[in-house]
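Line order of the protein sequences matches chains F and E.
Residue numbers 4 to 295, in the numbering used here, belong to the letters of the first sequence in order.
Residue numbers 343 to 476, in the numbering used here, belong to the letters of the second sequence in order.
Note that these hints are calculated values from the structure, not bench results.
In this text the structure is predicted, and so the values were computed from the model without any measurement.
Accuracy of the hints is not assured; some may be wrong.
Heads up, simulated DSBU-like pairs for lysine-lysine below, C-alpha to C-alpha not over 30 Å straight-line [claimed, not checked]:
1) 52(F) <-> 116(F)
2) 265(F) <-> 452(E)
3) 476(E) <-> 228(F)
4) 277(F) <-> 265(F)
5) 106(F) <-> 116(F)
6) 452(E) <-> 476(E)
For the chain E half of the interface with chain F, some residues (derived, Cβ under 7 Å), not all of them [as the list claims (entries may be wrong)]:
7) 381
8) 389
9) 452
10) 453
Note that the Cβ used here is the ideal one computed from N, Cα and C, for glycine as well.
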Amino acid sequence: MRVDGAEVLERTLTEDEAAILEAWNISLREGTSLQSGRIREAELQTQAKIVFGQLQGALASGGIDADAEHYAALRETLADISRSRAIQGFSPTDTANFIFALKEPIFEALRRKSAVDATKLAAGVWAAGKVLDRLGLHTMEVFLASREDVIGRQGQEIAELSTPVVRLWDGILALPLIGTLDSARTGVVMENLLQAIVDEEAEIAIIDITGVPTVDTLVAQHLLKTVAAARLMGADCIVSGIRPQIAQTMVHLGVELNVVSKATLADAFALALKRTGRKVVRQQATATEERR
Amino acid sequence: MTVSTTETLAIRSGDDVVRVRQRVRALAVDIGLGLVDQTKIITAASELARNTLDYGGGGEVRAEIVLAGTRRGLRLTFEDRGPGIADIEQAMTDHYTSGRGLGLGLGGAKRLSNEFHIESTPGVGTRVMIARWK
């Protein structure tokens, strides 16, 4: 005789609902999710109740295939829970344990109901294992996807934040570069700089590489491209912030930056002021000081 | 000459190039290289790691701290199983590139290192070894 595991499971869940929920809540309470203080117990219990109800519903509509249509609502609920866990900074273990903590109570309930019938018990356990494992994996997939979203967004934010174009004076822009200069970032840098040149009607752009740890041929190439593009827009570039060790390295590499360069941003700014017909002078000494 | 520590890093993406640089920096600091020498070996490692990625289709680097008497050095061996280099002399020439770079990476890496050794078999792969001594 073939025993339908789904049916055994469904009956157990209905008949033993209170006990299973109770045991699940206890197990969740003992878990690390609550101890981290990121979620309240009442919230956790509400989530557990909703998930349990939807699991019953899905089992009642037939089958233990957690990828099927009638599991859609449950999967969506779990996805929401996972997403919020990922954003709240839960560990993957905490997130997956939400579902996996349901295993023991269900297995226990199955044992109580079907202890005398080993075939039934085995079928029920198999069905429960299959459904819960699939749902657990689903929560992990959503969790990871949300984390990747977060990381991707942070990456974009860093790319934008870390390449500000600063207006130093009328017609003089500074572009302090910080971190690794890869192709993607160079694209952002160049776009920002060229747009700023148009907006500010800049004559001179100072590219400061004090914050770039390594200048290899690729970085040099990106710099040269940026300089060339700025020139086409009618702005002269000055590269500043070339540290002594970087200068030596670039000479050995054989890279020639055919562009005016200065050791510090201050020097570059002074040169830019001079080129635009300005100069910085010390305020005239006061009369009293002169008499001394 | 003895090898005191060895570690291997995979080079599969642009991020790995950054990781190689950071690891080489840490090792260079460990053996007490000065700021200029650190920068040189890091830059050379950056060039070779990118070559491994762009031209070799990815590979790995073995980083070793080597001891010769009282001298300590950092030795890096980049290996890939890419198409290989048919004419090494040409590849070493400044401003020659088969890709879109400046064509200074290989020659530059050689000038930035105390030791440089390259071997390549077309169709089999390329291995480049560099070392910097304190």
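(message) With the threshold set at 30 Å, check whether the alpha-carbon distance from residue 265(F) to residue 452(E) stays at or below it.
(response) Roughly 27 Å separates the two Cα atoms, so the pair holds.
(request) Assess, step by step, whether the Cα of residue 277(F) is no farther than 30 Å from the Cα of residue 265(F), and give holds or violated. (result) holds, 14 Å
(request) With a cut-off of 30 Å on the C-alpha distance, tell me whether residue 52(F) and residue 116(F) pass. (result) holds, 22 Å
(request) With a cut-off of 30 Å on the C-alpha distance, tell me whether residue 452(E) and residue 476(E) pass. (result) holds, 17 Å
(request) Would you check whether residue 452(E) satisfies its interface hint, that is, whether its CB is within less than 7 Å of any CB in chain F? (result) violated, 9 Å
(message) Please check whether residue 389(E) passes as an interface residue: C-beta within 7 Å of a C-beta belonging to chain F.
(response) holds, 5 Å
(message) Hint check: residue 106(F) vs residue 116(F), CA-CA at most 30 Å. Holds or violated?
(response) holds, 15 Å
(request) Classify the hint on residue 381(E) as holds or violated, based on whether any CB of chain F lies nearer than 7 Å to its CB. (result) With a minimum Cβ separation of about 4 Å from chain F (threshold 7 Å), the hint on residue 381(E) holds.
(message) Just to be careful, I want the Cα atoms of residue 476(E) and residue 228(F) compared with a cutoff of 30 Å; is the pair within it?
(response) Distance ~36 Å between residue 476(E) and residue 228(F) Cα, so the pair is violated.
(request) Closer than 7 Å between Cβ atoms is the bar; does residue 453(E) clear it against chain F? Give me holds or violated. (result) Given a least distance of 4 Å, the restraint on residue 453(E) holds.
Consistency note: the structure conflicts with the earlier hints numbered 3 and 9.
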